[in-house]
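Visitor: Chain by chain, the residues run as shown.
Protein chains: 2
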Amino acid sequence: MSLNATPRGQRLHIALFGRRNAGKSSLINAITNQEVAIVSGIPGTTTDPVAKAMELLPLGPVMIIDTAGLDDTGELGALRVQKTLEVLNKTDLALLVVDPGRGIGEYERDVVNRAREQKVPVLGVINKIDLYPEAVNRPWQQELDVPFVAVSALTRRGINELKMAVVKAAPRDWALPTIVGDLIEPGDLVMLVIPIDKAAPRGRLILPQQQVIRDVLENDAVAVMVKERELKHALASMAVKPKLVVTDASAYLKAVADTPPDVLFTSFSILFARYKGDLPTLVAGARAVKDLKPGDKILIAEACTHHPIQDDIGRVKIPRWLRQAVGGELVFDVASGGSTLPENLRDYKLIVHCGACMLNRREMLYRIMQAQEAGVPVVNYGVLMAHIHGVLKRALSPFPQALAILEEEQVEFEDELALLSRYREHR
Amino acid sequence: MSLNATPRGQRLHIALFGRRNAGKSSLINAITNQEVAIVSGIPGTTTDPVAKAMELLPLGPVMIIDTAGLDDTGELGALRVQKTLEVLNKTDLALLVVDPGRGIGEYERDVVNRAREQKVPVLGVINKIDLYPEAVNRPWQQELDVPFVAVSALTRRGINELKMAVVKAAPRDWALPTIVGDLIEPGDLVMLVIPIDKAAPRGRLILPQQQVIRDVLENDAVAVMVKERELKHALASMAVKPKLVVTDASAYLKAVADTPPDVLFTSFSILFARYKGDLPTLVAGARAVKDLKPGDKILIAEACTHHPIQDDIGRVKIPRWLRQAVGGELVFDVASGGSTLPENLRDYKLIVHCGACMLNRREMLYRIMQAQEAGVPVVNYGVLMAHIHGVLKRALSPFPQALAILEEEQVEFEDELALLSRYREHR
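Chains as they are written, first to last, in full-length UniProt numbering: chain X, 1 to 427; chain H, 1 to 427.
Excised from the complex, chain X in its bound form:
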């Protein structure tokens, strides 16, 4: 599936407003690490609103709309208003870039008012704090009644905070364009291994299963659903090999054993770790388990307070296994609920986050970025449980980038199996 074909609403649309020479183009370069706009100190280098699709790590696919030409010296009067409204119409979030040397004037107030009319959230960006370091202290937010972040596009200071503010201001329903669509071609078979146990709701499928089936169908592929016991039989009933096998985490070992080695393999939890969060970062978090030492503090972070099954994973199974992996005692704190992670993240050597079934992408990604900002490795239940079961490497087979992070550190399949046998002995 072409990224450019992503419908709006999945690719976050960010419009940059700001007076000529406020530094919109160089800010785009700073947040994307790409030389996409022609950066120049001469006012008016960019002359028309241009929407560019790009990947913004760790946010994923975004659309950046540069509104050069709609600023204080560009189109005038009715035409400027009309073009500004056109841009706002397809915008999820407006970044208003302010040059502290010029401050806030009629142009900035006009953008905020029009965005408010269109119900588009505005995030103020004070740029050039390398040139105007005292600008950081000015009460911008009070002047314009929108949140502000201070950055230097030149030195990249504040760029991470800006990305976190962007995530925080993203729409609630912001999602990646697809769950499995980039892994498959039209007509491919995708095998979904779904154990039926007492935890499953009677006569229904849980939402992640529904979402993956829908995504397979929307990508013109074929979804084959089977219990783990019938997987081998179902594979033999197919005239062609499936492209991908996705298993529920509770059937990891049976599903790995029955899936041919040349078929891509993963789990629903790994798919959703990617869909809702940032898989490479979470894999790096799993890798960090080997650096833990007895006495280290670990934060178990739960999004909500009412999930007994996840409680059991987070409060009993994972702590038991981590103690075992470390060969000594560890200190576990549990943070339940709350809209973000607690402030004292730097106290911890590892954050273990729940599966985030009650969080949207915006919320989970923000939490991951909080951990990154604090320099603390973060993993989630799904990725860690795959690690514990010794199948993380296999379950990352569709994701070379995340796999590279795991392999970089020479955590080999054999090591994972050794970890697993230790886990099994003690559960």
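FYI, nobody ran anything at the bench for these hints, they're computed from the structure.
Fair warning: there could be bad hints in the mix.
Put simply, identical chains are the same to the list, so a pair is met inside one copy or across any two.
To be verified - Below, a list of computed lysine-lysine pairs in the DSSO-like style, where the Cα atoms sit at most 30 Å apart:
1. 232 x 243
2. 349 x 90
3. 297 x 393
4. 241 x 254
5. 254 x 243
6. 168 x 119
7. 168 x 232
Let chain X serve as the given structure and place chain H on it in line with the hints.
Guide: Just chain H now, with coordinates in the frame of chain X:
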């Protein structure tokens, strides 16, 4: 799937209480049309609570528990109480059979009180009204504070009302044991054709699709889901033929065309017409279309008042097609909402009921029985739309009993095609 393996909660458990010789056994025979119990006028012929699995038309599978031996002259004291509680523990509905010659006494009050403690609904049955015709007028309900039906097991008078009262008193979650389980064997492939259109909820599957997938998996079979455009390709990707193809009604023609003739074929709507209602009766309703004459009154019965898509089917498409099939005007009344069908059913020549997505089996079956009681043919949207599309015969291939009702009247596939072409010309 063996009917005897049906778990409780799906097979309705009905316990018959009543004093010795009140006619419990002959009442069982009357409602089941089977000689299952030994009927005798000598008190105490049946001597122990016996649970018997049986089919009760149109209710489907039930379990009848005859409590002979727990009556006024059987076990005494504590033992009787204990055994009665044991029976009530596995009972969904208690029928209390009263002999009008003996009336209500301590035994009847005890059964009602114990059932109330166990939260089991009680339905009173005045038997032998052939012998005691005046018993019909006695205010039984006031005496015992439970609803009463007057019947004669001998002449079968009131037996239909009794069945309707049983349906009305059934638990809300009463369901058939399976949706497709009786059509397939373990390991079979079941192909589900699911168009993805704007009506489908984003990222989800509608409940009937989820229910069929679950049912396929619970019966150890393999569910293959595919859009209608990929059906042919998916069939070619299988090493074995599927046992059954189930399509969404919106893809009837494409799915029929691409399904091999020796593969069972049906639709989600037909499956749910059977699961929630009584398929043979609804097929007889479709057959009755050919008996309609211009000027006839037709009732469009909708369970709820807020379903625009079904509105379009029930208020536009079906009336237009029925007028066309009849070759003249028809009078359409619409009944929306309400817990049962309106009282004046006998005014109508046909009742066309909605898909009942918001009704449970108990409610839909009661409405079908109301129509039967009034002697008016009843069909639902799903069965009628299959008829309109000319695929009803094909879509009944898994259901010989319903198919026989259609074929008895020589509605041939060719006739259906003729009906369809008329429908197409005018939609």
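Visitor: When Cα atoms must be at most 30 Å apart, do residue 349 and residue 90 count as within-copy, between-copy, both, or neither?
Guide: Answer is neither: 42 Å inside a copy and 54 Å across each miss the 30 Å cutoff.
Visitor: Between residue 254 and residue 243, at a C-alpha cutoff of 30 Å, which is it: within one copy, between copies, both, or neither?
Guide: both (18 Å within a copy, 26 Å between copies)
Visitor: Pop the pair residue 168 and residue 119 into one bin, within, between, both or neither, using alpha-carbon distances up to 30 Å.
Guide: This pair counts as within: shortest intra-copy Cα distance 16 Å, inter-copy 51 Å.
Visitor: When Cα atoms must be at most 30 Å apart, do residue 241 and residue 254 count as within-copy, between-copy, both, or neither?
Guide: Answer is both: 18 Å inside a copy and 26 Å across each meet the 30 Å cutoff.
Visitor: Regarding residue 232 and residue 243, is the shortest C-alpha distance of 30 Å or less found within a copy, between copies, in both, or in neither?
Guide: both (15 Å within a copy, 18 Å between copies)
Visitor: Give the relationship of residue 297 and residue 393 under a CA distance limit of 30 Å: within one copy only, between copies only, both, or neither.
Guide: Close inside one copy (26 Å), not across copies (68 Å); limit 30 Å.
Visitor: Checking an output row: residue 168 and residue 232, CA cutoff 30 Å. Within, between, both or neither?
Guide: So residue 168 and residue 232 fail the 30 Å test inside a copy (44 Å) and across (45 Å) alike.
Checked against the numbered hints given earlier, the structure breaks hints 2 and 7 and satisfies all the rest.
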